[in-house]
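Chains as they are written, first to last, in this note's numbering: chain A, 1 to 568; chain B, 1 to 568.
Hints listed in this document are in silico derivations from the structure and should not be mistaken for laboratory results. Heads up, some of the hints might be wrong.
A pair counts as met if it fits within one copy or between any two copies, since identical chains are not told apart.
[What the hints assert, rightly or not] Straight-line distance between alpha carbons at most 27 Å, and here's what the computed DSS-like set of lysine-lysine pairs gives:
{"no.": "1", "residue 1": "Lys485", "residue 2": "Lys123"}
{"no.": "2", "residue 1": "Lys126", "residue 2": "Lys520"}
{"no.": "3", "residue 1": "Lys520", "residue 2": "Lys402"}
{"no.": "4", "residue 1": "Lys81", "residue 2": "Lys97"}
{"no.": "5", "residue 1": "Lys167", "residue 2": "Lys123"}
{"no.": "6", "residue 1": "Lys126", "residue 2": "Lys97"}
{"no.": "7", "residue 1": "Lys81", "residue 2": "Lys176"}
{"no.": "8", "residue 1": "Lys243", "residue 2": "Lys520"}
Protein chains: 2
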Amino acid sequence: MRTSNYLLSTLKEAPKDVETTSQKLMLRAGMIRQLASGLYTWLPTGLRVLRKVEGIVRQEMNNAGAIEMLMPIVQPSGLWKESGRWTKFGPELQRIKDRQNRSFVLAPTHEEVITDIARNELKSYKQLPLNVFQIQTKFRDEMRPRFGVMRSREFTMKDAYSFHLDKESLVETYAKMHQAYCNIFTRMELDFRVVSADSGAIGGATSHEFHVLAETGEDLIAFSTDSNFAANIENTEALSPFKRQAIAEKTMTRIEAPEVRTVVQFAKQYGISIEKTVKTYLVKASDKMQEDVIALVVRGDHELNETKVAALCDVAYPLHVLTDREACEYMTGGKGALGPVGLGVPLIIDRSAAVLGDFISGANAEGNYFCGINWGTDVDATKVADLRNVVEGDPSPCGQGKLFLKRGIEVGHIFQLGSQYSESMGATVLDVYGRQQAMEMGSYGIGCSRVVAAVIEQNNDNLGIIWPDAIAPFQVAIVPVSGHKSSRLLDVAESLYTELVSKGMDVLLDDRGRFGVMLKDMELIGIPHIIVIGEENLNQGFLEYRERRTGKKQLMSVDVLKAYLENL
Amino acid sequence: MRTSNYLLSTLKEAPKDVETTSQKLMLRAGMIRQLASGLYTWLPTGLRVLRKVEGIVRQEMNNAGAIEMLMPIVQPSGLWKESGRWTKFGPELQRIKDRQNRSFVLAPTHEEVITDIARNELKSYKQLPLNVFQIQTKFRDEMRPRFGVMRSREFTMKDAYSFHLDKESLVETYAKMHQAYCNIFTRMELDFRVVSADSGAIGGATSHEFHVLAETGEDLIAFSTDSNFAANIENTEALSPFKRQAIAEKTMTRIEAPEVRTVVQFAKQYGISIEKTVKTYLVKASDKMQEDVIALVVRGDHELNETKVAALCDVAYPLHVLTDREACEYMTGGKGALGPVGLGVPLIIDRSAAVLGDFISGANAEGNYFCGINWGTDVDATKVADLRNVVEGDPSPCGQGKLFLKRGIEVGHIFQLGSQYSESMGATVLDVYGRQQAMEMGSYGIGCSRVVAAVIEQNNDNLGIIWPDAIAPFQVAIVPVSGHKSSRLLDVAESLYTELVSKGMDVLLDDRGRFGVMLKDMELIGIPHIIVIGEENLNQGFLEYRERRTGKKQLMSVDVLKAYLENL
């Protein structure tokens with residue numbers, strides 16, 4: 001490719017509202033442009049990278065025996081009602097109506113459609129195991145799209161689905177996919193971790209996430225200091241504290257502090273340790289509870305873990321935390337005034353909150369707090385559960401060492417779905433004995449567009465992006481210094497270009513002319529190997545080779561340089 | 001690929017409601033499955049063909065200097081309002097609302113988004129010409145999806161858009177695209193014609209369609225017996241008849257025929273030539289007319305040409321033919337009773353109808369007809385226009401020969417858009433003199449998924465599909481006769497398979513076992529080269545080679561066969 005016939009679209013500055021390095025560099029390097037919130041166009045340079053990522057994914061999936069197909073983005077609501085996800089998925093599921101007022105969805109994943117295909121096409125255990133995949137556009141109507149293609153609404157995903165007669169076969173394919181994912185991310189030179197995870201809206205029991213470690217990651221991963229333990233904190237158990245419930249020393253008293261809106265503020269103002277306070281949340285109860293609402297109580301310095309809470313059988317799924325308006329039936333003032341004493345709804349107490357004594361909470365009236373509360377004496381604590389996120393220093397649930405946290409970008413997720421979809425949708429095969437049997441299923445996703453951003457988060461410097469060779473938009477850039485003035489330099493550049501291209505390399509020949517501008521752009525775009533052709537060096541028979549990652553410069557003869565590039 | 005690890009999904013019978021050969025064969029060969037009306041899953045065999053079609057398209061577009069990028073499917077309505085297509089496009093445009101009640105479309109084409117990108121990224125004539133393309137999913141909420149992927153709602157299209165400083169440059173790129181399209185369809189071994197066409201909802205002046213000739217085509221193409229003239233009948237002028245208006249011989253009289261609903265029925269019943277009747281249509285008038293409604297009059301044996309009518313400046317765009325309910329203001333009974341006499345709305349008369357004398361029409365009352373009508377005497381015919389489809393035998397508008405008609409499947413369409421989008425959306429660049437100038441644009445589409453069906457329409461026999469080598473899902477099938485019983489046959493098959501695959505060929509090894517079933521499937525799927533490995537032949541050192549297209553069988557030694565396949 002020659003820049004004169006290309007859409008380079010580099011920018012000196014990124015727009016102001018950009019939050020992450022990858023988003024900034026993708027905009028500046030002319031890889032993407034925002035069309036609307038969460039909707040991005042992939043400009044030529046970006047698409048080249050995306051296609052190479054998809055190429056690696058496709059190759060490793062094929063190597064692992066998966067078969068490629070392609071399912072529609074627009075899907076009839078009927079299938080989603082069959083699986084139950086029409087109601088379960090929440091507002092991220094983009095629903096549409098066609099001209100005849102029939103309901104459809106823009107698919108966020110394809111479990112329903114593939115299960116429908118499986119129940120029609122698979123009749124016998126002899127056709128199993130089967131593992132199919134697609135690389136397809138997905139849509140999620142994110143509440144808060146952000147970080148560019150990292151959390152966008154329309155995105156490209158590789159999703160695979162496997163079908164099995166039994167659990168054993170599922171586990172085998174799951175392990176193959178685990179290995180394929182490791183191969184994929186290794187080929188992209190990513191620093192990643194495999195962590196155990198929650199299955200969320202997809203469902204199933206066992207599940208692992210693949211995380212690229214980066215400070216801008218939206219997920220927190222818990223690692224153990226003394227073992228291989230690694231899990232998304234969504235899914236990391238906070239063990240019960242070793243201590244028993246503290247012995248009561250005080251009597252509960254009400255204190256008025258009209259200006260103070262939350263118990264945490266109250267503790268700060270009065271110099272009380274925040275660990276002696278509890279926060280209270282009101283959430284919708286599940287259908288099988290007599291009450292509509294349940295209160296959850298965690299220590300003031302802890303955070304509610306929404307994944308754990310949503311999984312409790314007393315709590316409605318998906319989780320619905322009451323709004324101020326809905327909550328005002330239970331107290332006066334804002335939700336910061338909530339507390340367990342006298343609230344009049346069933347309570348579930350976090351394990352760490354349940355061992356407190358003489359603690360403090362809101363008194364369900366604006367600016368009113370109870371001090372010296374004790375479980376049993378002042379309020380019952382019959383239901384105790386793990387409701388909170390782990391924090392650094394917590395004991396590891398594996399039993400060895402303490403937890404420390406790192407941020408991660410989720411680029412892959414694999415699930416052992418079991419038979420939940422095949423049972424709800426009637427996807428059965430005949431087994432060896434001629435009996436109908438619901439198939440075991442697995443589901444395996446990689447966010448291809450997100451991977452592109454994740455690679456940049458781990459590969460950049462103050463000049464721009466630094467691509468690993470395997471997914472660089474171009475492997476080699478040729479920059480003739482003032483090439484527009486010197487036909488001799490341009491001739492050398494053209495002949496080198498033609499030769500490298502004929503050997504199957506992706507080469508960008510910058511034939512624009514201003515050396516400083518050209519070099520800066522090639523560095524910003526992150527082309528790993530840059531060849532500068534200058535008058536003086538050429539007179540001595542040399543070209544200058546620059547390695548983008550190290551910044552190392554080296555003079556080489558044309559032949560040595562060609563041999564070097566071919567050996568990469 | 002081995003069938004044992006593949007999703008073959010062939011069917012003995014296609015579902016009953018299937019209308020065309022390609023749809024039937026795509027279903028039977030396990031290429032596609034219908035998810036809902038107009039929505040199809042591409043099974044592995046189908047996707048292999050689609051990807052090869054896309055690959056050829058991509059290669060020829062790259063060769064012609066076009067640059068690939070990727071634009072979102074979901075697009076904000078604002079851009080469509082800017083271009084005016086939000087109102088113009090009609091109900092085929094799928095509109096959606098997101099969780100915040102903002103309006104979006106599922107894009108049927110991408111002129112708006114690319115023009116938005118161009119106005120942001122292109123600043124100077126030095127960046128022109130630029131030709132960008134994408135291969136992307138499109139959506140049209142078709143009133144009547146049919147013929148499988150031929151007219152589906154979700155489909156894959158290659159769309160390209162070019163930007164130019166002047167018309168001359170546009171014409172140059174247009175010619176390049178014309179040539180690229182010819183290369184593409186020639187590589188797929190299609191029998192196609194380039195015909196001049198109407199620009200429809202896309203807009204612009206000059207436009208050509210690429211049609212694959214096939215009886216199942218939805219379009220009618222008019223050719224001249226004596227010249228190269230070829231045009232979609234949407235866009236073929238029906239010349240004025242050579243004869244003058246006939247001289248009146250009769251006086252208009254009203255006849256009651258209570259059982260007769262239309263003038264054509266009336267003529268049949270009374271043995272009158274249908275060419276002596278006229279049909280009348282009521283359509284919405286354009287905004288600039290004083291009246292709301294206009295009547296169009298064509299001869300009873302002619303068909304209204306909606307493209308021509310919609311383009312008339314007196315008629316509203318898009319065309320709206322009045323429903324029975326809307327029309328009842330102007331007559332009693334059904335619309336078949338309509339006639340020009342006493343209708344009370346402005347008339348536009350087709351050229352062929354305008355030369356009639358003593359003709360017959362409805363009398364705007366159920367079962368009432370006027371006979372012996374003459375223009376001027378009984379009703380005015382001040383406005384005459386070309387309103388009808390041409391028919392076989394009409395003089396060719398090129399002036400040479402007569403027209404004959406053939407059916408075609410539109411697989412490509414190229415447009416010289418001019419500056420309509422760049423002007424309405426303000427996409428300008430600075431020209432050589434530093435003046436802002438709206439860019440000239442071209443737009444170029446190929447329906448990739450439709451191409452697959454079109455190839456099948458032209459390449460099939462009673463056994464199934466016959467793929468051209470370039471887009472076959474597999475080039476070679478290896479069928480060991482009773483391979484499951486004889487490890488020797490399977491060994492030969494495996495070793496041949498490994499060798500051919502290592503040479504880059506797409507090979508399907510059928511390792512299922514029942515020869516008849518295997519061979520029938522390979523023929524149905526249409527694999528061009530089939531190798532049968534049988535015990536007896538093998539004992540004599542031979543394999544059997546079968547050419548799918550000719551059915552020719554030939555015994556060859558392994559070495560001769562390998563050399564033959566490599567030379568293809």
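Outcome of the hint check:
1. Taking the closest pair of Cα atoms, Lys485 and Lys123 come within 27 Å of each other only across two copies (24 Å); inside a single copy the shortest separation is 70 Å, beyond that limit.
2. Only between protomers do Lys126 and Lys520 lie at most 27 Å apart by alpha-carbon distance; the minimum there is 20 Å, versus 58 Å within a single protomer.
3. In this assembly of identical chains, Lys520 and Lys402 lie within 27 Å of each other by CA distance neither inside one copy nor across copies; the values are 46 Å within and 64 Å between.
4. Taking the closest pair of Cα atoms, Lys81 and Lys97 come within 27 Å of each other both inside a single copy (15 Å) and across two copies (20 Å).
5. In this homomeric assembly, Lys167 and Lys123 come within 27 Å of each other (Cα to Cα) only inside a single copy, at 18 Å, whereas the closest approach across copies is 60 Å.
6. For the identical chains of this complex, Lys126 and Lys97 are neighbours neither inside a copy (40 Å) nor across copies (45 Å), given an alpha-carbon limit of 27 Å.
7. Proximity of Lys81 and Lys176 under a CA criterion of 27 Å is satisfied in neither setting, with 32 Å inside one chain copy and 50 Å between copies.
8. Taking identical chains as interchangeable, the C-alpha atoms of Lys243 and Lys520 are never at most 27 Å apart, the minima being 60 Å within one chain and 74 Å between chains.
Taken one by one, the earlier hints fail for this structure at numbers 3, 6, 7, 8, listed in ascending order.
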